[in-house]
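Sequence lines, in order, name chains A and B.
The first sequence begins at 20 in the numbering used here and counts up one residue at a time.
The second sequence begins at 702 in the numbering used here and counts up one residue at a time.
These are computed hints drawn from the structure, not numbers from a lab.
Please note: incorrect hints may appear among the correct ones.
[Claimed, not checked] Ranges of calculated distance between the beta carbons of each label pair, as one might list FRET restraints:
1. B:T721 with A:P80: 30 to 36 angstroms
2. B:K753 with A:Q69: 39 to 45 angstroms
3. A:R100 with B:A718: 27 to 33 angstroms
4. A:E87 with B:S704: 38 to 44 angstroms
5. B:K761 with A:R100: 27 to 33 angstroms
6. A:W117 with B:A718: 21 to 27 angstroms
[As the list claims (entries may be wrong)] Capping the alpha-carbon separation at 30 angstroms, the derived lysine-lysine pairs in DSSO-like fashion look like this:
7. A:K76 with B:K778
8. B:K769 with B:K753
9. A:K76 with B:K750
10. A:K76 with A:K36
11. A:K30 with A:K76
12. B:K761 with B:K778
Just so it is clear, CB atoms sit at the ideal spot from N, CA and C, and this is done for glycine as well.
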Amino acid sequence: GAGVSQSPSNKVTEKGKDVELRCDPISGHTALYWYRQRLGQGLEFLIYFQGNSAPDKSGLPSDRFSAERTGESVSTLTIQRTQQEDSAVYLCASRRGWGETQYFGPGTRLLVL
Amino acid sequence: GNSVTQMEGPVTLSEEAFLTINCTYTATGYPSLFWYVQYPGEGLQLLLKATKADDKGSNKGFEATYRKETTSFHLEKGSVQVSDSAVYFCALSEAGTASKLTFGTGTRLQVTL
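Whenever a hint applies, use it, and build me the whole structure from the sequences.
Next comes the structure, spelled out in structure tokens:
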């Protein structure tokens, strides 16, 4: 079956612009996660959705970052007024139930000039 | 807070050599431990996991044992192949955190003929 998909695969933007990153989880997966990986660093947790609600937003680095999920499916991560330090690979993962494996998408590589 | 420390790469080995990638962790509770692998051009995949002390996770000839006394989860393989060339990430998730993952910085393995 289809895995987690993300779009776009690459995004180049200018400092100060807003960007939207999309994640399509595996069908039937109730939990969805966003992580980011900056160059030379490990993956950092950003936000977790269970269904359409986000009980853990503790990893969002600033109020310029927001995310939503609709229909227990697609999620969008929005970064407003992008800064150069936002440049990273943004990864989405989903899992079906408690204790089950997280499956990762291929990521969106964001470059802020 | 939780953290994962893994050996820096790149690690370069000849085919059929023995592999060890060290991973140690800091956690307040009793985490589950994971190794993820990212092959060139592909997304992160779960390689193996262990959920309690002294458990051994294994897959594709790779093994790692959950050592609570040394807070370690070192990855080993007896005989590496060129196809094992990838980036390996050690990670943990703590009970009660909805399985959000804390990752190490990754170790690049290059296997040559």
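Those earlier numbered hints the structure runs against, lowest number first: Per hint list: 2, 3, 4, 5, 6, 7 violated.
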